[in-house]
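Novice: Let's have the full structure, built from the sequences with the hints guiding it.
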Amino acid sequence: MAMTLNEDQAMLRDSARDFMKAEAPVAHFRAYRDKNCKDGFSHDLWKQFAAMGFTGMLIPEAEGGLGMGAIEAGIVLEEVGRNLSPSPFLSTSVIAVEALKAADKAMRDRWFPAILKGEAVIGIAIDEASKHRPEKTALRAKRAGNGFTLSGTKQFVVQGASADLLIVAARTAGAPGETDGLTLFAVDREAAGLSAEATRLVDSSMAAHLTLDGVEVTADAVIGDVDGGWATLTKILDAGRVGAAAEMVGVGTGAMEITFDYLKTRKQFGQLIGEFQALQHRAAHLYGEIEGARSIVLKAQTLLDEGHESAALYVAAAKAKAGIACNLAVREGVQMHGGMGMTDAFDIGLYMKRERGLNEFFGDTSFHADRLATLNGY
Amino acid sequence: MPDLNNFRAEIRAWLEDNCPAEMRKPARSEEDTCWGGRAFKFQSEAQKTWMERCAAKGYTVPDWPKAYGGAGLSAAETKIFRQEMANLGCRSPLNSFGIWMLGPALLKFGSEDQKVHYLGQIARGEIRWCQGYSEPGSGSDLVSMQTFGEDKGDHWLVNGSKIWTSYADKADWIFCLVRTDKANKYQGISFLLFDMTTPGVTTKPIKLISGSSPFCETFFDDVVVPKAQIVGDLNRGWDVAKYLLGHEREMISGMGGDGGMASLGTAFKDVMAEEPVLRAQMALFDVENLAFRAHSERFMDEWKSGKAHPAYSNLMKYVGTELNKKRHELVMAAGGSDALEWESESSGGGAKPRSWLRTKANSIEGGTSEVMLNVVSKRILEMPGA
Chain A
0 MAMTLNEDQA MLRDSARDFM KAEAPVAHFR AYRDKNCKDG FSHDLWKQFA
50 AMGFTGMLIP EAEGGLGMGA IEAGIVLEEV GRNLSPSPFL STSVIAVEAL
100 KAADKAMRDR WFPAILKGEA VIGIAIDEAS KHRPEKTALR AKRAGNGFTL
150 SGTKQFVVQG ASADLLIVAA RTAGAPGETD GLTLFAVDRE AAGLSAEATR
200 LVDSSMAAHL TLDGVEVTAD AVIGDVDGGW ATLTKILDAG RVGAAAEMVG
250 VGTGAMEITF DYLKTRKQFG QLIGEFQALQ HRAAHLYGEI EGARSIVLKA
300 QTLLDEGHES AALYVAAAKA KAGIACNLAV REGVQMHGGM GMTDAFDIGL
350 YMKRERGLNE FFGDTSFHAD RLATLNGY
Chain B
0 MPDLNNFRAE IRAWLEDNCP AEMRKPARSE EDTCWGGRAF KFQSEAQKTW
50 MERCAAKGYT VPDWPKAYGG AGLSAAETKI FRQEMANLGC RSPLNSFGIW
100 MLGPALLKFG SEDQKVHYLG QIARGEIRWC QGYSEPGSGS DLVSMQTFGE
150 DKGDHWLVNG SKIWTSYADK ADWIFCLVRT DKANKYQGIS FLLFDMTTPG
200 VTTKPIKLIS GSSPFCETFF DDVVVPKAQI VGDLNRGWDV AKYLLGHERE
250 MISGMGGDGG MASLGTAFKD VMAEEPVLRA QMALFDVENL AFRAHSERFM
300 DEWKSGKAHP AYSNLMKYVG TELNKKRHEL VMAAGGSDAL EWESESSGGG
350 AKPRSWLRTK ANSIEGGTSE VMLNVVSKRI LEMPGA
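Protein sequences appear in the order of chains A and B. Its first residue numbered 0, the first sequence is counted upward by one per residue in numbering that gives the first Met the number 0. Its first residue numbered 0, the second sequence is counted upward by one per residue in numbering that gives the first Met the number 0.
For the record, the hints were derived by calculation from the structure and aren't laboratory data. Just to be clear, a hint being listed does not mean it is correct.
[Claimed, not checked] Listed next, the in silico BS3-like pairs over lysine-lysine satisfying Cα-Cα at most 30 Å (straight line):
#1 B:Lys241 <-> A:Lys263
#2 A:Lys266 <-> B:Lys377
#3 B:Lys24 <-> B:Lys359
#4 B:Lys268 <-> A:Lys234
#5 A:Lys263 <-> B:Lys377
Specialist: What follows is the structure in structure tokens.
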């Protein structure tokens, strides 16, 4: 398959680009930030995402969705990143939908329609410590009668306090560090014993610390196999990782574009600063980094959609490279904006903060470089 | 798509039937490369057979038209052909500056007679070409070149010298930039072709830090070049040269992902176990390597469908060559003191250090990294200033 967007994908890109620019540009993000919104995003905008067909784009066609894949989700995420548009798209429409595909029919029938309408927000609860190590899951799920009792804590649950449902990775057997013995559960936000403490992150997005204190769920809450959740977990993690990588390509592209505009308008020493070779070379280098990231992300999406055996390896490379390139874009962006880059009035600093959050999400550059090495047998 | 699947099966079957077993082993050294040409000594019967079988089918230049010695394959078919070659580990049947550089320029700028004559010779591996661009005083600033062709009616009389002419001592013909108008810097250069056995042409190999001499200085002393041997219009050779440089940059950039090796770290995994910091560097290199391969693949797909920026090969040249230098730095680090040996048999005659040193030229030849960044900045990013 050629590594260029086909006609349908190019149309999707154009409509996503126009939509984000018109309805959710950086000014929209600033407005929600400044009103100290408890959710960190607009429910009205989420409804508009639904009207555009974005919220259910990955839901199978037979269940009312568009049956699209990682490439299409990435197209939307890139525009989300470029405009810093706040929404539950990555968690709900990409990661949760991937998880629910492994769930039984009753659960899908309950949640897919709500996602399609833009009425559901779903949080993903995996991490328990400050660094992403999913195999270290310690939150216990003990068998109790026909169901399970969940106890433990989670953190970095994006929009966790605003969610209607939480997808929780729990340990039903074995010890932390083992990939066997994990099980995924769908836990209602209103379940007794579940508390969510919202916390605002550096990029003004909202995440939650969850405490589960003897939360009782029935066997129907299990997604996939009991004790054998690692396979499903890996699939949803990879969907999220490649999605976050696509969003970072968008963030990096957005940061790069505003920086290049600045180089072409800002004058010092009587000339445009973009005339200085010292900055031109750095700009050209940055452009190459971003295009490299865009390419490996597209490759990983393609392999993921094909169900290729090397997909996991490419997802690791894509998340790592997107992190490297996007990080460079925001650092160069702030530096090339000079003092203006340090002010809140300019957007470039907002991109820097967003990059940090996305880089950390589901494993940072170091995590994924290490993962790539391990998958390559060294 | 079914047509392409059939095509893939056909190609695979043909390669399995026709590529000698010996030609499916990785090339061990420069000696295993088939360059063709009048004086070329084949390393083995298999090497000769492989080149001839490919040439007969047009597979030495699969995407060239059949009339000029190619197989007339589409972009999609060519990609499949190369993938199947790689899958079976087939060596390239024929390498040449004729295929990589002169050929594309002739296809675009050559007359019909020139295409039939020269392209056919290239495709069949009969004539080995070298390139005469740089001069001692004109490296990055190529258009300042001085080699002059004086108009003598039915021929030019060429005097001057070139430097960094790759394999000039082994080449049969040269494609050469010659000044034909001293008053006009850009529009005073012509693109000439001539035989290296023409009286007045001499070459002198240049010994490099790697110990080998792939480059020469080439001198022209009253060399007679018939008027028919010009490509494109008089004084418009710079257009041809620029077009050709684009292809050269594309080719050099391809070296970043060389050897079909998707993971450098895997090749040194025993060392990696004891060297955590080096392992981390390898891991990050492997990330960059996969990104570059994907970038190259995407660029080629966009290039073929006409969507790529015309100056994009400059970016690929920069990224690919810098990556290749990094690769060889890591190979040396992983090799430790073994990789210092320069002559021993166990080191393959110093294959690692010689390759490492050779790669330092990657970001100089065909336009330095700094010139590439200038071009990307001006032409793609449209940064202001002269």
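Novice: Would you mind marking each hint as holding or not holding in the structure?
Specialist: Hint check:
1. B:Lys241 <-> A:Lys263: With Cα atoms ~27 Å apart, Lys241 of chain B and Lys263 of chain A stay inside 30 Å; holds.
2. A:Lys266 <-> B:Lys377: Since the Cα atoms of Lys266 of chain A and Lys377 of chain B sit roughly 18 Å apart, the hinted pair holds (cutoff 30 Å).
3. B:Lys24 <-> B:Lys359: Cα-Cα ~27 Å, so holds.
4. B:Lys268 <-> A:Lys234: 28 Å, holds
5. A:Lys263 <-> B:Lys377: 12 Å, holds
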